Each structure stands twice: as C-alpha cells, then as structure tokens.
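Sequence order for the protein chains is A and B.
If you read the first sequence in UniProt numbering, its first letter stands for residue 1, the second for the next number, and so on.
If you read the second sequence in UniProt numbering, its first letter stands for residue 1, the second for the next number, and so on.
Hint data in this document are derived by calculation from the structure and do not stem from the laboratory.
Note that the structure is a prediction, hence the values are computed from the model and not measured.
Hints may be right or wrong, so weigh each one.
Anything over 12 angstroms on all C-beta distances counts as not near chain B; from chain A, calculated [as the list claims (entries may be wrong)]:
| # | residue |
| --- | --- |
| 1 | S34 |
| 2 | F58 |
| 3 | A68 |
| 4 | M134 |
| 5 | S143 |
| 6 | N163 |
| 7 | V166 |
Computed list of lysine to aspartate or glutamate pairs in EDC-like fashion (alpha-carbon distance at most 16 angstroms, straight line) [unchecked claim]:
| # | chain 1 | residue 1 | chain 2 | residue 2 |
| --- | --- | --- | --- | --- |
| 8 | B | K50 | B | E8 |
| 9 | B | K61 | B | D42 |
| 10 | A | K110 | B | E197 |
| 11 | A | K182 | B | D42 |
| 12 | B | K110 | A | E197 |
| 13 | A | K82 | B | D42 |
| 14 | A | K60 | A | D36 |
| 15 | B | K79 | A | E197 |
| 16 | B | K79 | A | D42 |
| 17 | A | K79 | B | D206 |
| 18 | B | K27 | B | D66 |
| 19 | B | K182 | A | D42 |
| 20 | B | K82 | A | D206 |
| 21 | A | K5 | B | D206 |
| 22 | B | K5 | A | D42 |
| 23 | B | K182 | B | D206 |
| 24 | B | K138 | B | D107 |
| 25 | B | K40 | B | E57 |
| 26 | A | K79 | B | E197 |
| 27 | A | K121 | A | E136 |
Not the full set, but computed from the structure, chain B residues with beta-carbon under 7 angstroms of chain A [as the list claims (entries may be wrong)]:
| # | residue |
| --- | --- |
| 28 | V10 |
| 29 | R12 |
| 30 | I71 |
| 31 | R75 |
| 32 | L78 |
| 33 | N93 |
| 34 | A172 |
| 35 | I187 |
| 36 | H190 |
| 37 | A192 |
| 38 | E197 |
| 39 | S200 |
| 40 | L201 |
Backbone N, C-alpha and C fix where the C-beta goes; we use that ideal spot for every residue, glycine too.
Protein chains: 2
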Amino acid sequence: MKTLKISEAVVRRLPIYLRFLNELSKKSVHTVSSQDLGQKLDLNPAQIRKDLAYFGEFGKKGIGYDVAYLIEKIRQILKLDKVIPVALVGAGNLGRALCNYNAYLKDNMKIVAVFDASETKVGESINNLKVKPMNELKETIQSLHVRIGIITVPAAEAQNVANQFVEAGVEAILNFAPMIIKVPNEIRVHHADFTTELQSLAYYLD
Amino acid sequence: MKTLKISEAVVRRLPIYLRFLNELSKKSVHTVSSQDLGQKLDLNPAQIRKDLAYFGEFGKKGIGYDVAYLIEKIRQILKLDKVIPVALVGAGNLGRALCNYNAYLKDNMKIVAVFDASETKVGESINNLKVKPMNELKETIQSLHVRIGIITVPAAEAQNVANQFVEAGVEAILNFAPMIIKVPNEIRVHHADFTTELQSLAYYLD
DNA sequence: TAGATTGTTAATCGATTAACAATC
DNA sequence: TAGATTGTTAATCGATTAACAATC
C-alpha cells in the first residue's frame, strides 16, 4: 500500500463500493468491472479504478475485479476487518434508533455502551444495553476499548460530550448534533446533521 | 442574483452559516466579519465571502455583515422564507426520531404526514401525526402540497418508496436507507446514510 | 488471436486560497 | 484620515475524466 495522502472524497466512496459488492456477493455474482460498478453507483468508471488503485492492484486486466477479494481488501483498508467498539451518548429518540442498527453493522462495528445525563434514562434498556450515567463514561470506554463515539445529544451539550469522549481516549467522533464541535487535531470528526441536509435540499426546489 | 451555476459545495455551506448566524442573533450580536465566521466554522474567510458574493453584495466594506440581514438573505436563497411541507415514509425508530425534530425545524420546514406499509403501525400517533397507510400517500401529498420526501424504510424498500414519492409529485428526497435510489433527473436526492458515515470514519483510526 | 478491461499518465475541470483595489 | 473589511481577480491546488499501453 502506497503511503500517498488519500483524499476524503475517495475514503467516502469506499463504503459505497463495499455495500454494493456485498449485494453482488449475496446474489452470487463473482466478478465485476469498473464499468458495471459505475453504472450502478452513478460514478465514472475511471474514478472507481483510480480510487482502488491508490491501495493496490486488485483487478485483472481484461476480466475485472473478483467480488469476494475486493470486499476483503476494502474491509482491510477501512479497518473493518475486525469489530470496532463504539459508544453513544444521548439516549433520546435518535440515539435509540441508532442502537437498533447494531444488527446491520455486524462484522464491522458494534455499539457496546450507551450513556445519558438524565437520571430518568439511566438504567433503561435499549437493545440489550443498559443506559449508563455520564460519570461512568471514561472508565467504561477504556475497559471496553471503545474507539469511536457517537453524539446524539442536543446542540447545547454536544461540545461537552465531545470533550468527555476525547478525555476518555476515543479516536473519532460522529456528531449528530446541529453544532460544530472543536476537538484536538488528531481526533477525526464527521458531522451527520439531518437539519442542514434538509435545508440544502430546499435550495434545489423550483 | 446572478444566474451562475452554484456548486453543491457552496449550497451545503449555506445552512451552516445560517445556523451560526442564528446563534449570533440570539446573543444579540449585530455584525460579523468573514474573519469571525471563518474562525468559528473552521473555514477560510475568503471562501465565505466568495460563497455569499455569488448571491449578492450583502456586506459593507470596512464593517462586515449585518447578522439579521444576512439571515434574511440566506433564508431567501435556500427558499426557507416560508414553511416547506415534508412527508416521511417509514415509522420505525429512525422515522419517529426525525418527527421529533419538527420543533427544531420551525419556520423552515414541517413534517406534515407520516406513512408506513405495516398495518400495525398505521393509526399510531407520532408527535401529533397519525401514521397513514401507503395507499393514501399520493392523495395526501398532493392535498398538503408536500415538496420534500424523507425515506426511513429498510434498504430493500427504498426504491419502491422513491418511485411512489416521484409519482406523487415530490420534488426532492432525503434518503436515509443504505441504498442508492434511481430517480428522474429533475428530482434531487440527498443521502443521509449513517452506516457509510461510520465506516468512512473507521479509515482514520490508527 | 481478438475482445475486454485494468492501471496509470496526461488533460481537463472545478474549487479553494491569496492578494488587493475599493470603500466604509 | 487611518484601520478594517468587503468583493473580486488571479494563482494555486486538487479532483475528475479521458485516453491508451499493458495484458488477461
């Protein structure tokens, strides 16, 4: 694997390739060309070949890509070849909904702990997980080796939760709160903000 | 307003500006410079000035931008100056969670109808909305003038729901299902897929 | 062999950033 | 006036696409 700097755009496409390859695999399709992939995913075939070529030579000239092999390789690239433990703070409606994705995330990631600041939520069970109080966050994250934190609290508390995640040693954060959070450079943050997504859609209405 | 083609990157930043400006307004801050905005939002000031300049001359040289005026202008650009009616299909955990954002979306958008294919869900009440059966989708969407559709059903049913939205006359779709959906060119689709977001985060773990 | 498709280089396209005259 | 900050042009940077030799 070359140690070239890979752009964020490339990294964001990899999970999309992975998902489609998994569908092909389920349908017992064994080989796929960049042409096929491009058509199904609305992407340029040259772009797909280039994306994959950053990480190695996974295809065969004249043939295409072996589906099972490419799945294996992309999972390695994304570090999804072993289960990554995830923690979530904010056991409201959205947090609860995300916990139910555990089944879908199997093999790749698992939400292993849920926290909430409200005493009425602590102790509730969500999908076999007992909601824990915030003062157990650091200890739990460390003992379960949690690497990614999900924030589903109101905007006003997002920064505070992010600070606690960082303090506990989490390496990356997925923030659903409609609020920019500040963290040290070495921590990766992605925003998954439903409201800005909806608002930018409105621009395209006639 | 120039009828130059505005890039998607620009449109996606506008709601972020809007959100921050609203916070400033609440704190009774009346003027803000591109410098200030850039610092708080982790963006280049020149980029912010350029983004806004696509749509008009909203600032004053030597002074900066009037917060209230800029809020008004961005809302106009995003067509958020009157409430946009939204419908949602899929009254599962995620769908239910999103319905509760109505309060947060006030002024801009409102989820006015919820549908589900399951008979056990139909008739349930979510946040003052009664879940309706799929066979009422077209009629309801047309009579309520719904312009944006949200999909929160399992991947396997997403395309089918998208087809029904298009057939009913929806102009844009926000798709939460982990599945690429195909629609006619004039319909705008944004993907808000939690699982690909998490998976691309994993790449950045050490 | 002939046809297909990769990996990669070169060309194009587009987005970000720097710089600065205009002006509040 | 002096200092600040915009709007905009030019320079830079980066990402996408086209083209094609290599080769299965």
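Which hints, by number, does the structure contradict? 9, 13, 16, 22, 23, 24, 25, 28, 30, 31 and 35
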